[in-house]
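A.B. asks: Protein chains in written order, with the working numbering: chain A, 1 to 244; chain B, 245 to 434.
No lab work stands behind these hints: they were computed from the structure. Be careful, since some hints might not be right.
[To be verified] Distance condition first, Cα-Cα at most 30 Å in a straight line; then the derived DSS-like pairs of lysine-lysine:
{"#": "1", "chain 1": "A", "residue 1": "Lys32", "chain 2": "B", "residue 2": "Lys277"}
{"#": "2", "chain 1": "B", "residue 1": "Lys333", "chain 2": "B", "residue 2": "Lys288"}
{"#": "3", "chain 1": "B", "residue 1": "Lys283", "chain 2": "B", "residue 2": "Lys354"}
{"#": "4", "chain 1": "A", "residue 1": "Lys193", "chain 2": "B", "residue 2": "Lys277"}
[Said to hold, decoys possible] Beyond 12 Å from chain A on every Cβ pair, some chain B residues (computed):
{"#": "5", "residue": "Phe253"}
{"#": "6", "residue": "Ser280"}
{"#": "7", "residue": "Thr418"}
Everything numeric in this text was worked out from a predicted model, so none of it was measured. From the three backbone atoms N, C-alpha and C, an ideal C-beta is built for every residue, glycine too.
The residues making up each chain are set out below.
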Amino acid sequence: MMEQAQNMGAYHVDLGHTFEGPMDLLVHLVKKNEIDIYDIPIALITRQYLEYLNFMKALNIDVAGDFLVMAATLAHIKSRMLLPGKQEEQEEAEDPRMEIVRPLAEYLQLKDAAQDLAGRPQLDRDVFVRAQSDGDASPREGEQDLMQVSLFELIDAFQKIIKQKSPKDFLNLTLDTISVKSRISQIADILEKRGSITFEELFDKEAGKSEIIVTFLAILEMVKSQVIRIMQHASSGIIRIFNG
Amino acid sequence: MPAQGSSGFLMDNLKAIVESLLFVADTPLTIDKIRSILKLKDRKAIENALTTLTEEYETQKRGFFLSKVSGGYQFRTRPEFAEWIRQMKRHKPVRLSRPAMETLAIVAYKQPVLRSDIEHLRGVDCGGTLRTLLERGLIRVLGRRDLPGRPMVYGTTKRFLEVFELKDLTDLPTLKELQDMQQSWPNDST
């Protein structure tokens, strides 16, 4: 046990980013034991899986609930393997291990894909493009001059825009989620094309009040889900919206 | 005719003109973009100019090459010189963590994909890695699925193609191809 703990202790350094989740642990065990994933020795894997789990607990590593779910799944598969079913039933029934084999196979496939992707030459790591000169009249501003905008500053800016409208426009306010949704996709398209846009530009001068509110809600929704970043230029005070 | 003359000049110098555009452009230039700048209908001529340029930079072993990326063309430095450029830029390359890379691969291959699908595949919460990828502009929200809670649907961006030097999404090897490449695994360690 002591020896085992030491072996794992050597592993401990990587623990944080080696085992993100139960699937990662399974993959690790499969590789370590050089197992054919279509013929997993379920008793062995379950035992080792639980050993790791206990060890992580002992190290005070917060074991997520997902790990326990997987442990239960493994234990369940193990028990089903042990159950002596009727002969014909056994032939009909699927191998209980398929319950983890399928997701495991798919995960391994995507791990390969991730590895392949990581092996490609990456921009700003392996390959570089010409740096933009300072005199370039590019819409991409130096981000160091930009500050993050708080929700309240955003509301202030929004109020300024809405004040330019006469009060009678307030009538007939019917907002539906569909228009917010489609506005989000419009804004996403604009940002896809241009990279950034000023807050004001998003509010059409001709737009009615409900349209303005839909736009604002769309912006808030996108900020919340971190699809966009909203920055304010330190000196000019112009608020600009950036793609993710 | 003067118009003829200027068009003659354009055609005579087409390769060099295209090269000059590529030199100044800060994003990959598409053939359509070049066509509209030059007001030139002849797509084939531009294609030829780009092909010749690509070959020239390749055979002359320049410090940079003409990369076909994200639907366009862009000059990029050769990967083997990266070390010195990093030295000049004095910045550490921002590396994506393995979980972020996996999440990105899942989005790339399974898009349009829900966060719950990604988490189901990886068996772990992906909120943090998704946020990182969104911040880096590698993925984007394509919309919301008509399901309870209106979950967001993710896809990759143009930036993703640029960063990973992909012409387009079909430039990625298929999962089947990857599997064939990895056929020896997991016995390769024996």
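A.B. asks: All hints, please: hold or fail.
C.D. replies: Status of each hint after checking the structure:
1. A:Lys32 to B:Lys277: It is violated: about 52 Å lies between the C-alpha atoms, which goes past 30 Å.
2. B:Lys333 to B:Lys288: violated, 38 Å
3. B:Lys283 to B:Lys354: Violated, because 39 Å separates the two Cα atoms, which is more than 30 Å.
4. A:Lys193 to B:Lys277: holds, 13 Å
5. Phe253: holds, 26 Å
6. Ser280: With a cut-off of 12 Å, serine 280 of chain B remains clear of chain A, as the shortest Cβ separation is near 15 Å.
7. Thr418: violated, 9 Å
The structure fails to meet hints 1, 2, 3 and 7 from the earlier list, while all remaining hints are met.
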